[in-house]
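Engineer: Going down the list, the protein sequences come from chains E and Y. Positions in the first sequence are counted from 1; adding 23 to them yields our numbering. Positions in the second sequence are counted from 1; adding 98 to them yields our numbering.
Any given hint could be a false lead.
[As the list claims (entries may be wrong)] Per label pair, the in silico range of CB-to-CB distance: (1) Glu-118/Y <-> Thr-51/E: 24 to 30 Å; (2) Val-182/Y <-> Val-122/E: 55 to 61 Å; (3) Val-94/E <-> Gly-152/Y: 20 to 26 Å; (4) Gly-131/Y <-> His-89/E: 25 to 31 Å; (5) Gly-111/E <-> Gly-131/Y: 28 to 34 Å; (6) Gly-148/Y <-> His-199/E: 45 to 51 Å; (7) Asp-67/E <-> Arg-104/Y: 32 to 38 Å; (8) Val-122/E <-> Glu-118/Y: 55 to 61 Å; (9) Ala-176/E <-> Asp-151/Y: 47 to 53 Å; (10) Arg-165/Y <-> Arg-93/E: 32 to 38 Å; (11) Ala-176/E <-> Ser-108/Y: 37 to 43 Å.
[Said to hold, decoys possible] Heads up, incomplete: computed chain E residues facing chain Y, CB under 7 Å, no partners named: (12) Ser-61; (13) Ala-63; (14) Asp-67; (15) Ala-72; (16) Gln-76; (17) Gly-77; (18) Pro-80; (19) Ile-88; (20) Leu-90; (21) Val-94; (22) Ile-97; (23) Asp-234; (24) Glu-266.
Hints are computed from structural coordinates only; laboratory data are not their basis. Here a beta-carbon is modelled for each residue, glycine too, at the ideal position from N, C-alpha and C.
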Amino acid sequence: MSPHQQLRSLHRQLGRAAKVVPRIKRETWQAEWVAELSHAYAQDPAAAAELAQGLVPDAIMMRRIHLQHRVEAIDWRSPEFCLRILLGAFAALAAGGLVQPHFRNAVFSSWGLITFAWFFTLAILTVPSTVVVSRFSAHDAYEGEAASMRQRAGRWYFLGAKLLLLVMSVYLLAVHLTLPLVHLIGRSANGLLIPCGLVFNVIVIGWAFNDQRERCPTCMRLLRSPARMGPPSWSLLDSNATEEMCDRGHGLLHQPEWQTSWCQNARWLQLDGTWRELFRP
Amino acid sequence: MSETVRLSHSAALMLKTLKEGHGYGFDIMNITGLPSGTVYPALRRMENDGLIDGTWESEQKAQKEDRPARRYYKVTAAGKLALVEAEKKYPLIAQFARPKAVKA
Numbered sequence: 024m025s026p027h028q029q030l031r032s033l034h035r036q037l038g039r040a041a042k043v044v045p046r047i048k049r050e051t052w053q054a055e056w057v058a059e060l061s062h063a064y065a066q067d068p069a070a071a072a073e074l075a076q077g078l079v080p081d082a083i084m085m086r087r088i089h090l091q092h093r094v095e096a097i098d099w100r101s102p103e104f105c106l107r108i109l110l111g112a113f114a115a116l117a118a119g120g121l122v123q124p125h126f127r128n129a130v131f132s133s134w135g136l137i138t139f140a141w142f143f144t145l146a147i148l149t150v151p152s153t154v155v156v157s158r159f160s161a162h163d164a165y166e167g168e169a170a171s172m173r174q175r176a177g178r179w180y181f182l183g184a185k186l187l188l189l190v191m192s193v194y195l196l197a198v199h200l201t202l203p204l205v206h207l208i209g210r211s212a213n214g215l216l217i218p219c220g221l222v223f224n225v226i227v228i229g230w231a232f233n234d235q236r237e238r239c240p241t242c243m244r245l246l247r248s249p250a251r252m253g254p255p256s257w258s259l260l261d262s263n264a265t266e267e268m269c270d271r272g273h274g275l276l277h278q279p280e281w282q283t284s285w286c287q288n289a290r291w292l293q294l295d296g297t298w299r300e301l302f303r304p
Numbered sequence: 099m100s101e102t103v104r105l106s107h108s109a110a111l112m113l114k115t116l117k118e119g120h121g122y123g124f125d126i127m128n129i130t131g132l133p134s135g136t137v138y139p140a141l142r143r144m145e146n147d148g149l150i151d152g153t154w155e156s157e158q159k160a161q162k163e164d165r166p167a168r169r170y171y172k173v174t175a176a177g178k179l180a181l182v183e184a185e186k187k188y189p190l191i192a193q194f195a196r197p198k199a200v201k202a
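With the rest of the complex left out, here is chain E (with noise of 0.2 Å):
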């Protein structure tokens, strides 16, 4: 191979691995690699040749760590991040499905915007029993204390948003289950759409409303730390308990084990700006 052939096989390894490399760190680990690959040419030819086999294994590297830095960074307990992983398992079972004529038939015919209708029913009839069994409105920290008005809309449009979301997601979700049953069993699958809306609406929200219940009441933070109070003595005379706070200190969640006639609902200790600086920012 001649000098000239070598350098422009070296400039394109080097072009290919940097295509790797994110964007914000690629100039200066180009002109890094340009110089180590100088100086190896200007020593020996065959060195630089070797040293090149190096690019794509750092290029990677540099990748890696960027990618690590990025999900360090993602806040998992904010109510931003879990609309975000809701969307977008919607964008994706919807995606999914519109690539398929099959799917895109059943669901856009006057018979998938009955069923989807049918879908939405059954899902705001589930909300009561809902909010009974997994006694969401037995939560002291939603009626109001220290809550501006700004804080409460925000609750319910989060609230409002992963329900939508969710109903949204999981008729998908029965179609997708319910359309390969088609080819299998005729139309009368379509009739399955129903049963499948019933029992998925009710997981989907009974959990849409422990998450709610998990979150702190002023910003919406999944609550972290879980302890138990009481020695199991209490379980006779007193009542045990579980605790979890927010971590940006506004107040911590007290959740009884069973109900009491003193301790029925759980109680959301609000605390005041005195304790923000043991928490973090």
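Using the hints provided, position chain Y relative to the given structure of chain E.
Structural biologist: Relative to chain E, chain Y alone:
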């Protein structure tokens, strides 16, 4: 309480080489005999863990020698601590790398 990073044998060898004054990737390859596919990713990982710190040499110096400016790595305080731990684990490393001869 700070936790010392545990190093692999190759990483410890590279850290020792860097501590002896061999400050860039190609130099480390020549000293240790490790391939570039091991040396450069390990340098990134160690920099990410705060064991080494990379700085660009001055443009004037590089221009004087008619070559592009190189990136040199130096062992940080955390890196020195990790190396002490690694030398206890791999005693032969201490005998391996020799200090870089400084030009007069």
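Engineer: Among all the numbered hints in the text so far, which are the ones the structure does not match?
Structural biologist: Numbers 5, 11, 14, 15, 20, 21, 22, 23 and 24, in rising order.
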